[in-house]
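Student: Each chain is listed here by its residues.
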Amino acid sequence: MIGSSRPDPDGLVGIEDALIEIIMEATPEELRADLIAAGEDPDALIAGVDALIEKAVQDCGKMRFEAARKELAEGSRTASPKVVPFDRARQEARLNALRASDPALSEKLMLAARKGEGMSDNDREALLSDLAEVEALEREADGE
Amino acid sequence: MREVTVHLEPEEISAAVGALPAGDRLKLTLVERGLLRGTGHGRGDLLNEAICRALLGKRNCPRAVPIMAFLIETMRSLASHARDREMRSTHADEQALARVSEKVNAGTFAPREPSPEDRLIEAEDAAGQVTLEDILALFVDDDEAGMVVLGMHKGLKGKALREDVGLDQAALDYAKRRVRKTLLRQYPNWWRT
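Taken in order, these protein sequences are the chains called A and B.
The first sequence begins at 6 in the working numbering and counts up one residue at a time.
The second sequence begins at 332 in the working numbering and counts up one residue at a time.
Calculated from the structure, these hints are not laboratory results.
Backbone N, C-alpha and C define an ideal beta-carbon position, used for all residues, glycine too.
Any given hint could turn out to be false.
Only pairs whose alpha carbons sit at most 20 Å apart, straight line, appear in this in silico DMTMM-like list of lysine to aspartate or glutamate [to be verified]:
1. K512/B <-> E71/A
2. K512/B <-> E34/A
3. K512/B <-> E26/A
4. K389/B <-> E30/A
5. K488/B <-> D64/A
6. K60/A <-> D495/B
7. K485/B <-> E26/A
8. K389/B <-> E21/A
9. K60/A <-> D465/B
10. K389/B <-> E59/A
11. K485/B <-> D13/A
12. K60/A <-> D504/B
13. K488/B <-> D13/A
14. K512/B <-> D64/A
15. K512/B <-> D13/A
16. K490/B <-> E26/A
17. K488/B <-> E138/A
18. K485/B <-> E79/A
19. K490/B <-> E30/A
20. K488/B <-> E45/A
21. K512/B <-> E59/A
22. K485/B <-> E21/A
23. K60/A <-> E417/B
Ranges of calculated distance between the beta carbons of each label pair, as one might list FRET restraints [claimed, not checked]:
24. A43/A <-> G373/B: 28 to 34 Å
25. K60/A <-> A400/B: 46 to 52 Å
26. G66/A <-> R509/B: 28 to 34 Å
27. P519/B <-> E71/A: 44 to 50 Å
28. E71/A <-> N391/B: 29 to 35 Å
29. P519/B <-> E30/A: 29 to 35 Å
30. A98/A <-> V337/B: 37 to 43 Å
31. L132/A <-> K389/B: 50 to 56 Å
Chain A stretches covered by chain B per the calculated footprint, using a threshold of three residues with CB under 8 Å from any CB of chain B [said to hold, decoys possible]:
32. 32-44
33. 106-114
34. 131-139
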C-alpha cells in the first residue's frame, strides 16, 4: 500500500499519493500516450533514466571497490604474523639428535644455510618451529 | 552451497535495476516528480540516491519485495527526510531572525510596512500556489473525474472510493485514467512552486 502521513498544508498530499498509485496502475502504452498528449517525449524520459541508472551503478561500483581496497589496506597494517608457541628445548634436542644420527643431514643443513656460513638465529628458529609442526602433525596422524 | 540471504545482494540489485523495462523506468521518473515537492531536490536526485543506497548496502531490499516497490518506498522515505530538513532549516532561519529582532533596538530597526513592490511579490507567490480548487476546476466538464479527485483528496481507495464516487470498477478505472492524463498535462512538475 502506498500511503503518506506527511504534513498537508495545501490539501494536495492525498491527490499526489493517489496519482502515484494511478501511474503505477497504468500500462506503459497508456503512460506514453498521456505524456505525448502533454507534449513530452517519453523516449527522452526513458533515456534519461537509462543514463541515471548506468551512472549510479558505475559510481557505486567504484565506491565499493575503493571501500574494499581501504579495508584491505587497513587490515594488512594491523595484522600481526601468526606465532605458534612450541617447546624450544625439546625441538633443539630433537634437531641435535637428528644431526648426530645423520652426518649428511648436518652438512646439508650447513649448505642450505644463508651464504653457507651456518644458520642464522632466524633460520634456526624457523627450523625448530618446522620440527615442532611436523611432530604435531605426526601425533595427529597417530591419534586418528 | 552458497547461503541465501534475506536481502538482495548488491550484484542482484544492479541486475534487477538494469533489467527494468522501459515502462517501469517511465513510472519511476514520473513518480519521483510527485515526491520532489518541498524537498529542495531536482529531478533525478531521489531516484539516484535510492539506487545508490541499495547498491551500497545502506538500505536493504528484502527478496520478497519487488524492486519497483522498494525503489518507490525508498524515494518516499528520502523525500520525507528531505522535507523535514527543509522545514527545520526554514524554522531555524526564522528563529535566528527572531533572536536578532529581539536584540535589536526597536527604535533603530523597527519593522517597516511592506512596500507596493513587496505586496506585488507576495501576490505573485500566492498566485503560484496550486490549490485543490484549481485542480477541481480542470474537471468542471467531467463530473465523474472531479468526484474521483475529491475522493483522492480524502484519501479514499478501492471500494471506499468506488462507493463514494458511485461508479463501477470499469467506469472508475476510466475516470482515473482521465484524471491522470489531465493532471500530467496540466502540471508536468506536479504543482511544484
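Student: Give a verdict on every hint.
Tutor: Status of the hints after comparison with the structure:
no.	hint	verdict
1	K512/B <-> E71/A	violated, 45 Å
2	K512/B <-> E34/A	holds, 12 Å
3	K512/B <-> E26/A	holds, 13 Å
4	K389/B <-> E30/A	violated, 29 Å
5	K488/B <-> D64/A	violated, 40 Å
6	K60/A <-> D495/B	violated, 45 Å
7	K485/B <-> E26/A	holds, 15 Å
8	K389/B <-> E21/A	violated, 27 Å
9	K60/A <-> D465/B	violated, 39 Å
10	K389/B <-> E59/A	holds, 19 Å
11	K485/B <-> D13/A	holds, 12 Å
12	K60/A <-> D504/B	violated, 37 Å
13	K488/B <-> D13/A	holds, 18 Å
14	K512/B <-> D64/A	violated, 36 Å
15	K512/B <-> D13/A	violated, 24 Å
16	K490/B <-> E26/A	holds, 15 Å
17	K488/B <-> E138/A	violated, 74 Å
18	K485/B <-> E79/A	violated, 56 Å
19	K490/B <-> E30/A	holds, 16 Å
20	K488/B <-> E45/A	violated, 29 Å
21	K512/B <-> E59/A	violated, 30 Å
22	K485/B <-> E21/A	holds, 11 Å
23	K60/A <-> E417/B	violated, 27 Å
24	A43/A <-> G373/B: 28 to 34 Å	violated, 20 Å
25	K60/A <-> A400/B: 46 to 52 Å	violated, 23 Å
26	G66/A <-> R509/B: 28 to 34 Å	violated, 43 Å
27	P519/B <-> E71/A: 44 to 50 Å	violated, 38 Å
28	E71/A <-> N391/B: 29 to 35 Å	violated, 21 Å
29	P519/B <-> E30/A: 29 to 35 Å	violated, 20 Å
30	A98/A <-> V337/B: 37 to 43 Å	violated, 57 Å
31	L132/A <-> K389/B: 50 to 56 Å	holds, 51 Å
32	32-44	holds (count 11)
33	106-114	violated (count 0)
34	131-139	violated (count 0)
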